[in-house]
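Enquirer: Residue-level listing of the chains:
Number of protein chains: 4
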Amino acid sequence: MDLIIKNCKIASSTGLISAGLAIDSSKIVSIAKDVLLPAADKAIDCKGNLVLPGGIDFHVHLMDLGYAYREDWRTGTESAAAGGTTFVVGLGHTNPPSTTRENLRKIIEMAKRKAIVDFRINGAVTAHNLEELPKLAGEGVSTFGEIYMAESIPELEMVEDGVLLEAFKIIRNLDCLAGVHAEDWGIISYLAEKLKKAGRKDPLAHPESRPDIAEEEAISKALLFARRTGVRLHIFHLTTKAGLELIEKARKSGQDISCEVCTHHLLFKREDMKEYGPYLKCNPPIRSEENRRSLWEGLRKGTIDMVSTDHWPLPKSDKEVGWKDIWKAGAGMPGVETRIPLMLTYGVQKKRISMRTLLEVASENPAKRLGLYPRKGVIAVGSDADLTVVNLKEKTKIKAEKMHTKCEFTPYEGWEVVGMPYLTLVRGKVVMEGGEIISKPGYGTYIQRD
Amino acid sequence: MDLIIKNCKIASSTGLISAGLAIDSSKIVSIAKDVLLPAADKAIDCKGNLVLPGGIDFHVHLMDLGYAYREDWRTGTESAAAGGTTFVVGLGHTNPPSTTRENLRKIIEMAKRKAIVDFRINGAVTAHNLEELPKLAGEGVSTFGEIYMAESIPELEMVEDGVLLEAFKIIRNLDCLAGVHAEDWGIISYLAEKLKKAGRKDPLAHPESRPDIAEEEAISKALLFARRTGVRLHIFHLTTKAGLELIEKARKSGQDISCEVCTHHLLFKREDMKEYGPYLKCNPPIRSEENRRSLWEGLRKGTIDMVSTDHWPLPKSDKEVGWKDIWKAGAGMPGVETRIPLMLTYGVQKKRISMRTLLEVASENPAKRLGLYPRKGVIAVGSDADLTVVNLKEKTKIKAEKMHTKCEFTPYEGWEVVGMPYLTLVRGKVVMEGGEIISKPGYGTYIQRD
Amino acid sequence: MDLIIKNCKIASSTGLISAGLAIDSSKIVSIAKDVLLPAADKAIDCKGNLVLPGGIDFHVHLMDLGYAYREDWRTGTESAAAGGTTFVVGLGHTNPPSTTRENLRKIIEMAKRKAIVDFRINGAVTAHNLEELPKLAGEGVSTFGEIYMAESIPELEMVEDGVLLEAFKIIRNLDCLAGVHAEDWGIISYLAEKLKKAGRKDPLAHPESRPDIAEEEAISKALLFARRTGVRLHIFHLTTKAGLELIEKARKSGQDISCEVCTHHLLFKREDMKEYGPYLKCNPPIRSEENRRSLWEGLRKGTIDMVSTDHWPLPKSDKEVGWKDIWKAGAGMPGVETRIPLMLTYGVQKKRISMRTLLEVASENPAKRLGLYPRKGVIAVGSDADLTVVNLKEKTKIKAEKMHTKCEFTPYEGWEVVGMPYLTLVRGKVVMEGGEIISKPGYGTYIQRD
Amino acid sequence: MDLIIKNCKIASSTGLISAGLAIDSSKIVSIAKDVLLPAADKAIDCKGNLVLPGGIDFHVHLMDLGYAYREDWRTGTESAAAGGTTFVVGLGHTNPPSTTRENLRKIIEMAKRKAIVDFRINGAVTAHNLEELPKLAGEGVSTFGEIYMAESIPELEMVEDGVLLEAFKIIRNLDCLAGVHAEDWGIISYLAEKLKKAGRKDPLAHPESRPDIAEEEAISKALLFARRTGVRLHIFHLTTKAGLELIEKARKSGQDISCEVCTHHLLFKREDMKEYGPYLKCNPPIRSEENRRSLWEGLRKGTIDMVSTDHWPLPKSDKEVGWKDIWKAGAGMPGVETRIPLMLTYGVQKKRISMRTLLEVASENPAKRLGLYPRKGVIAVGSDADLTVVNLKEKTKIKAEKMHTKCEFTPYEGWEVVGMPYLTLVRGKVVMEGGEIISKPGYGTYIQRD
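Those sequence lines, one after another, are chains Y, U, E and D.
Numbering-wise, the numbering used here puts 139 at position 139 of the first sequence, and it's gapless, one number per residue.
Numbering-wise, the numbering used here puts 49 at position 49 of the second sequence, and it's gapless, one number per residue.
Numbering-wise, the numbering used here puts 186 at position 186 of the third sequence, and it's gapless, one number per residue.
Numbering-wise, the numbering used here puts 140 at position 140 of the fourth sequence, and it's gapless, one number per residue.
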């Protein structure tokens with residue numbers, strides 16, 4: 001026996017179970033009252049703390065190749081492990097991006113050398129790589145996207161409607177998932193231009209240039225195209241009540257859709273941009289309080305499947321320039337290290353969602369959408385021993401300087417949370433303990449689709 | 001008394017009334033049993049034929065300025081009168097188009113000099129004339145459009161989503177109607193390119209490049225933007241079942257929408273392109289039989305408000321080039337002269353629609369949408385004496401050479417119809433009799449919005 | 001020419017027309033500017049007043065046989081004529097009721113002798129006369145009902161669900177209309193018993209015993225049974241918002257339903273029972289303000305097809321006993337004489353409904369549901385000259401003592417109205433003028449279904 | 001350690017887990033790979049067979065008091081145990097029934113003396129015991145019903161609508177569940193009478209007297225009353241597609257409803273009555289193939305929450321009389337002993353439902369609706385060791401003579417099934433092994449609501 005973990009409150013679909021775990025050869029082999037646990041090489045006493053299935057983050061940007069100075073697969077996955085996340089989906093929006101088999105292989109190789117948690121990589125889609133999609137699927141890709149319906153990064157131009165529709169057809173034939181960044185560029189580019197002409201450079205000009213209707217129209221279009229092609233659809237970083245209502249309606253009609261919300265869209269409202277300025281610049285933007293509330297409601301009702309982070313680290317200087325001119329600031333923020341404690345604190349503890357819902361949105365549903373359940377995403381005999389242990393009684397202040405990401409800031413600086421992970425295991429091996437990274441780079445494995 | 005018309009079957013909302021009419025100073029002043037009609041300067045005996053309210057065509061392209069060789073306001077309105085239509089809405093898609101007050105005034109002046117039926121002109125919308133819209137409304141415009149959601153003619157570039165949304169806001173504040181050409185250019189341009197690359201030049205390549213979903217997505221977007229801005233919306237030339245369903249749903253939810261179908265979309269199906277080739281090229285294209293049936297069903301149920309023509313004459317040479325390369329052919333066809341007999345023959349006589357529905361879609365509903373009802377669009381005491389008399393028993397073969405339009409062809413060449421108008425009155429004056437134009441150019445008046 | 005009426009404002013579907021009418025052999029033969037009217041035996045000058053199509057009341061109880069002391073066909077139709085109503089549907093809830101061919105013939109004979117306006121009689125339905133329904137249809141019946149889903153009068157026991165379903169099947173096969181009194185007796189009888197046991201005898205105990213849900217459940221059931229049998233359905237005296245919503249939903253799904261609201265349910269609210277006591281006792285009862293508002297809204301939106309009266313005269317003594325014990329009071333009230341002026345005053349003049357809507361709900365829609373349109377229900381050349389003329393500027397106080405009904409009270413005692421009819425014509429003959437009945441009994445004719 | 005069970009395929013929400021179980025003091029204390037199981041007083045080797053959570057049957061009729069000759073709590077629960085069911089809900093439709101605290105206590109006492117599986121008892125509802133409902137809740141009742149909307153048994157008259165509505169209000173205030181037998185008696189009584197008059201006595205006359213619409217109307221009413229009172233609702237023995245659609249719609253709108261289907265409605269169709277005659281007589285009756293299919297579809301989609309049995313044993317003679325006159329036959333049939341193998345065979349093995357769905361409908365969902373989850377209804381550390389072991393490879397023929405119920409017949413006589421339980425444990429104690437009952441009467445405990 002490799003390891004026993006005792007004195008746990010194990011988070012499961014039936015509630016919290018007071019018991020211990022035995023782990024052997026990377027798998028959970030026993031869930032039992034402590035006294036019944038076998039002898040083992042090593043024993044950890046959880047002291048009654050909460051043991052969660054390792055988090056799965058469906059949406060992170062780790063930026064080898066090309067932007068390793070922002071985040072590489074070592075720092076990014078160390079940040080994940082420190083935050084209780086044991087599996088990440090990297091979106092491959094690097095330079096070059098995951099648009100070809102060759103590029104994808106390079107990204108995977110880089111990640112294999114550096115990662116300390118398990119991972120998969122998404123395929124990228126542009127007008128020019130449609131014939132590569134089957135090859136990418138052949139390398140193990142299960143999700144294509146985020147497919148940009150609005151301009152975003154230099155390496156990945158947005159796709160026009162004809163390309164989107166064609167891509168959906170191809171992805172459906174590959175039986176993969178199509179994931180979209182749903183914003184209508186026609187609206188955004190017009191408004192941004194107008195605001196710039198009017199001399200607006202203040203932080204609030206950014207969300208003003210990307211109104212709710214830009215997301216609503218793009219989601220409406222993506223749902224229509226998915227319905228007509230039969231592709232399974234994922235909506236990345238949902239932010240609006242209107243979009244949520246479209247998704248609910250489509251789902252009731254039987255469409256196969258998933259959607260995610262990002263931590264920062266749950267925890268900030270547009271007015272906060274006055275204080276936080278460019279640090280809250282992101283796409284889609286931070287929205288109104290009404291939208292924010294509807295997102296929590298969507299989690300509660302189960303319409304929103306996942307909480308992801310859109311983890312996008314940037315140098316502080318890329319943000320600071322935005323105080324004078326918001327258009328110049330980089331968009332995006334880190335998040336993979338804070339997702340779970342924030343959801344425990346502002347979600348479960350504030351009774352916005354139940355513990356059961358947390359398990360679903362942080363681990364179980366992403367695992368299912370990746371085809372990895374019940375191997376991952378749940379604590380069960382026979383499953384991978386991907387776990388994180390948190391203390392719900394100890395309060396911690398979030399500080400960027402203590403984080404493992406390369407990013408020098410966090411929007412949650414100074415926020416008090418409970419449930420900061422103090423122990424994380426990937427396949428039965430402790431990779432983080434007490435905030436310290438234990439694992440060597442390269443322990444993480446690439447897990448392709450079946 | 002100027003005129004009495006006796007021995008009529010008057011088409012009214014209560015059914016066919018056997019009676020006569022008296023007309024004085026351009027108005028109907030009596031509907032009465034013939035023996036009760038007053039003495040008059042002139043008397044016409046209808047011999048028991050059907051008297052319809054003059055047709056109103058909500059969508060015609062008369063092409064002074066710039067394209068008078070295709071059709072000018074004289075030939076176009078003579079063609080209308082010969083077809084039983086006493087009021088036309090010209091879309092102002094000329095060169096220059098009705099994008100500015102100055103241009104609009106020029107078009108109106110030209111029309112005033114030439115027209116023999118009454119008319120109104122729509123305002124045109126592009127990214128560059130939004131500030132002119134209030135001025136256009138000030139000249140009497142009540143409808144803006146067709147606003148191009150897809151590229152169409154050189155003078156009027158398509159509008160991007162941001163412009164569309166902004167235009168809708170402005171038009172709503174002017175309390176006008178926004179009318180859209182609803183096709184998604186992103187889909188069409190991609191598919192056209194692909195088909196061209198594949199060497200396709202045959203007639204069916206054209207409809208293939210503009211699939212149903214291109215209309216469905218555009219209508220979906222237009223409905224959303226209209227809902228969010230509160231503008232009253234008109235969908236020009238609806239062609240798809242999917243689009244119709246979206247309109248039905250939106251209307252049930254209380255949105256203020258109207259839509260029209262064109263005669264050719266009711267009477268041709270895609271396969272006919274094999275025989276008719278470039279002569280059936282039009283945008284949106286001729287569609288499948290299933291779509292065609294749903295359009296008749298929409299008329300029957302009242303979901304479709306009007307039958308219009310999108311009258312767009314072209315030299316025969318512009319069509320003929322399309323036999324070798326469909327992409328080179330001009331899109332569009334004439335229609336204003338055949339609308340009413342075709343609807344009487346293939347609609348009413350074939351029992352696809354009732355006579356009551358014909359009155360609504362050919363006259364009453366367009367009049368209402370123009371704010372002209374009951375002054376126009378109905379036969380009633382006090383209303384303008386805009387009338388046309390048709391013989392439902394006499395069969396006529398449609399022939400281009402007998403038409404009054406400059407267009408040298410008609411897609412209905414050789415079709416047999418009943419109900420070809422033999423008498424048309426505008427404001428109590430006979431403008432056409434037995435196929436001959438009686439009126440001098442310039443009798444038609446510009447009727448601006450109230 | 002029998003008669004001309006000049007200087008009119010004629011109410012028509014196109015608006016108010018300033019013109020005159022000529023009438024010959026009971027029909028309208030001319031609508032024309034006054035100067036064009038022919039010479040006639042008699043001329044009436046309307047002095048610019050409003051000429052309405054004669055009212056059609058879809059729901060009156062004239063009580064020959066058996067209860068002529070309450071109202072007979074002479075007083076009842078004189079009351080109708082005085083109120084501008086030229087056609088009544090008698091429900092045949094007499095003693096004996098219209099359950100058999102023999103009874104129906106007796107009722108018709110009685111009515112023919114006495115009536116001064118035209119009429120039809122409904123067939124009655126009980127568990128015991130199902131085999132008579134075809135015979136009743138054979139006598140000219142087009143509507144069966146009100147079919148009692150709750151106990152109401154001694155002569156017509158309520159029908160159990162199995163009978164209702166069977167009756168619907170039979171009525172559908174006769175292509176007739178099934179009309180229901182939609183209240184759930186299971187709820188009412190339970191609550192009435194409970195209230196009685198609790199000692200309640202006050203006026204408000206009556207509506208309390210018949211809550212909204214009793215109507216909602218009964219309408220729900222009637223709609224279901226009609227949907228499953230395919231019968232065309234009429235809901236008599238709708239009173240609840242919940243019921244209206246069910247009807248709207250069913251209609252949107254394509255079901256053939258009509259419904260009516262009674263004047264008193266539009267004009268009184270439950271709290272008024274404190275003041276009016278037993279005089280407002282009726283079934284279904286007077287409801288809450290919220291319901292009352294929704295009924296006006298239903299008229300406005302066109303969901304409610306007709307305004308009827310459920311005219312049910314009673315001796316004052318039958319009401320007075322209710323002050324001490326509401327259970328002992330008779331239910332019902334007169335209405336046929338006040339319907340049109342009340343709707344003109346509290347509907348049109350207060351802008352709750354348009355004049356167009358008034359024409360539909362008071363005349364046009366009932367005529368259509370009876371299969372009598374456009375012979376009746378509209379002012380048009382060729383239609384029956386059923387007309388009433390009202391003065392919208394003159395105010396009148398409603399007084400029971402001036403009414404023509406046998407009923408000694410009216411709930412509207414002392415209410416000020418405009419538009420009290422001062423001239424009523426049935427088939428071109430003046431039957432009422434200046435409040436005086438001109439016609440002899442027996443002028444009214446029985447008009448059976450085609 | 002009391003017991004270990006090894007070499008299992010444990011059925012869980014994450015799939016089938018190859019592992020063993022340890023049980024101590026009635027609870028599951030370990031789920032672990034076999035080698036990790038502790039030493040124990042006793043060990044059972046499952047030989048790789050399937051271990052299911054003990055079945056929970058939400059609807060059985062055990063007939064002490066008054067009808068013990070049909071089934072008593074000993075034979076009934078032995079039958080349950082033999083069929084893999086470890087918890088039954090007795091409906092208390094005995095003589096006297098569970099209408100009063102006194103009666104309920106008597107039933108509980110009887111059950112406590114005889115039962116070998118755990119149980120709860122429902123409260124009964126009539127017009128006469130509404131004031132007893134709070135007292136029944138005080139004794140531990142969580143569900144009231146089946147409340148008869150149609151006449152059924154002499155002891156429990158059907159409730160009129162007013163009583164139903166009042167009962168719902170009371171039950172809601174007690175925070176209990178209202179369960180209805182949803183058939184419209186008005187329809188049934190009428191049709192039965194009619195059929196009898198027509199001389200019909202054949203088996204098919206029975207289902208003909210209880211058409212789909214009788215259930216549809218009753219469910220529609222129950223849903224409406226539940227919506228208006230806010231009570232949580234349970235629909236017993238759903239049988240129609242129409243009813244299912246109503247439930248789906250209500251649930252989508254947010255109503256708190258559960259429903260069950262009975263094994264016999266899943267496995268027989270109406271035409272089978274020709275062969276099986278009175279043995280298939282039950283209420284609601286066996287339905288058409290279309291209905292039967294929709295019930296499987298409802299299970300698949302999760303709209304139907306549970307499979308129950310409506311276990312209602314009868315002497316064979318009560319059935320045999322029905323061959324000559326179906327009206328004389330008793331309605332009902334046994335089922336608790338065959339539910340799980342039938343569902344494994346005709347559901348899971350025939351791929352109509354997944355194993356996951358079986359767990360939900362046979363154990364998990366009933367446990368949740370009883371407020372007993374995760375104590376019961378699932379195999380998890382800390383849960384009650386209620387288990388049954390089945391062999392999916394061994395085929396068994398169902399024979400009434402081998403059953404443990406007093407009932408001398410089973411409708412499934414001669415049917416071949418897999419998965420006949422060969423071991424059943426209640427709270428860690430083997431109560432049945434190899435078809436033999438091991439437990440003494442009285443081991444079963446009454447588990448009242450929290």
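It is possible that some hints are incorrect.
Stretch by stretch, here's where chain D covers chain E in the computed footprint (C-beta under 8 Å, at least three residues) [unchecked claim]:
id, stretch
1, 78–86
2, 163–170
3, 211–225
Source of the hints: derived by calculation from the structure; they are not laboratory data.
Every residue gets a Cβ at the ideal spot worked out from N, C-alpha and C, and that includes glycine.
Enquirer: Would you mind marking each hint as holding or not holding in the structure?
Expert: Now for the hints, and whether the structure bears them out:
1. 78–86: Contact hint for the stretch 78–86 of chain E vs chain D: violated, 0 residues under 8 Å.
2. 163–170: n = 4 at 8 Å, threshold three: holds.
3. 211–225: holds (count 7)
This entry does not satisfy hint 1, going by the numbered hints stated previously; all others are met.
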